[in-house]
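With my numbering applied, the sequence shown corresponds to residues 1 to 305, in that order.
Source of the hints: derived by calculation from the structure; they are not laboratory data.
Backbone N, C-alpha and C define an ideal beta-carbon position, used for all residues, glycine too.
Honestly, I wouldn't trust all of these hints.
[Said to hold, decoys possible] List of simulated lysine-lysine pairs, DSBU-like, C-alpha gap at most 35 Å:
(1) K106 / K213
(2) K241 / K74
(3) K80 / K215
(4) K117 / K213
(5) K213 / K80
(6) K197 / K213
(7) K213 / K76
(8) K74 / K117
[To be verified] So the derived label-pair ranges between C-beta atoms look like this:
(9) R161 / T99: 39 to 47 Å
(10) K238 / R23: 31 to 39 Å
(11) S63 / K241: 29 to 37 Å
(12) R161 / Y59: 21 to 29 Å
(13) Q7 / V96: 32 to 40 Å
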Amino acid sequence: MTAMTLQPHYRTVWISDVHLGTRGCQADLLLDFLNEVTADTYYLVGDIIDGWRLKKSWYWPESHHAVITTIMEKAKNGAKVIFVPGNHDEFAREFVDMTFGHVDVKMNDIHVTADGKRLLVIHGDEFDGVVKYAKWLAYLGDTAYNLAITLNRYFNGVRRRLGYGYWSLSAYLKNRVKNAVQFICNFENAVAHEAAKRKVDGVVCGHIHHAEKRKIGDVLYCNDGDWVESCTALVEDKEGKLELLHWAEMRQMAMSHSSPGHDAASAPSLGLGKLISMFRIAHEAGNSASGSSKKGSDAPIGKTA
1 MTAMTLQPHY RTVWISDVHL GTRGCQADLL LDFLNEVTAD TYYLVGDIID GWRLKKSWYW
61 PESHHAVITT IMEKAKNGAK VIFVPGNHDE FAREFVDMTF GHVDVKMNDI HVTADGKRLL
121 VIHGDEFDGV VKYAKWLAYL GDTAYNLAIT LNRYFNGVRR RLGYGYWSLS AYLKNRVKNA
181 VQFICNFENA VAHEAAKRKV DGVVCGHIHH AEKRKIGDVL YCNDGDWVES CTALVEDKEG
241 KLELLHWAEM RQMAMSHSSP GHDAASAPSL GLGKLISMFR IAHEAGNSAS GSSKKGSDAP
301 IGKTA
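When you get a sec, could you build the whole thing from the sequences and use the hints?
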């Protein structure tokens, strides 16, 4: 078996904002990711279970239960799993510094990469003024957001029937609204400032459902995104390199090499180690041909312009 066909294995994987217990959760795609990708350490960076929604109405299909059992099985089999609760699963903050089923619960953590960088791992809701100072407004915003996610599901259902891949209408609208863009910018700067205060090299967070990896001043800011809109994860390889995987896009590309008539969420395992290698080789070849800058070489795998 060649290196290109091996199952992808990473030193560390970060995921957040899964929102199990909501209809907008892309649990099937996350299960696909967890089955295709292995790691030594998994960080669950908050809002894994949406306690806010479950309090209002119970929704817990088999795929959501399977996500939890798959993660627990990884922990049982020797992977290190660290859960940093967010505001939607804040009930778990009562159990900080405890271990359940081989899963460590922490309010935050310092992760040291293979090349020695110290990264602060936090969910990030403490830097959201609405959540911190006007929780009633956060609940109201959550209701509006879930309406957008519901519309997003129907929208993508139509796209699938027309033969198109997954595309997040809610993310598109959010990134085009001036106030939302400004909120994201303010949040990123606040998180980076906190990392600088703690004298670490970078920060990994979630909360705002906006995957990003960039330098803010001297701080490496990483947001692992979510599994509602973008279906993204941050990963670290054995040398310490960090990159974002945009899984929904990657699965759609994988399906173009498979039989027609299947969507990404229901696709069988396709051995994406080869696909990831193909993306990386093509990307590096493009950089070599065009003499592109280092900024181009940091582009997330599977992310299209």
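Quick rundown of the hints versus the structure:
1. Among the hinted pairs, K106 with K213 is consistent with the structure: their alpha-carbon atoms are about 23 Å apart, no more than 35 Å.
2. This hinted pair checks out: K241 and K74 have alpha carbons roughly 23 Å apart, not beyond 35 Å.
3. At roughly 28 Å between alpha-carbon atoms, K80 and K215 fall within 35 Å of each other, so this suggested pair holds.
4. For the hint linking K117 to K213, the alpha-carbon distance of about 15 Å falls within 35 Å, and the restraint holds.
5. Taken as a hint, the K213 and K80 pair is honoured in the structure, with Cα atoms around 24 Å apart against an allowance of 35 Å.
6. Simply put, K197 and K213 have alpha-carbon atoms about 19 Å apart, close enough for the 35 Å limit, and the pair holds.
7. With a CA separation close to 31 Å, the supplied pair K213 and K76 stays within the 35 Å bound.
8. A C-alpha spacing of about 25 Å is found between K74 and K117, which places the hinted pair at or below 35 Å, so the restraint holds.
9. In this structure the hint that R161 and T99 lie 39 to 47 Å apart at CB holds, the actual value being about 46 Å.
10. About 38 Å separates the C-beta atoms of K238 and R23, a value consistent with the hinted range of 31 to 39 Å.
11. Checked against the given bound of 29 to 37 Å, the beta carbons of S63 and K241, roughly 31 Å apart, stay inside it.
12. Distance hint check for R161 and Y59: the Cβ-Cβ separation is about 24 Å, which falls inside the suggested range of 21 to 29 Å.
13. Distance hint check for Q7 and V96: the Cβ-Cβ separation is about 33 Å, which falls inside the suggested range of 32 to 40 Å.
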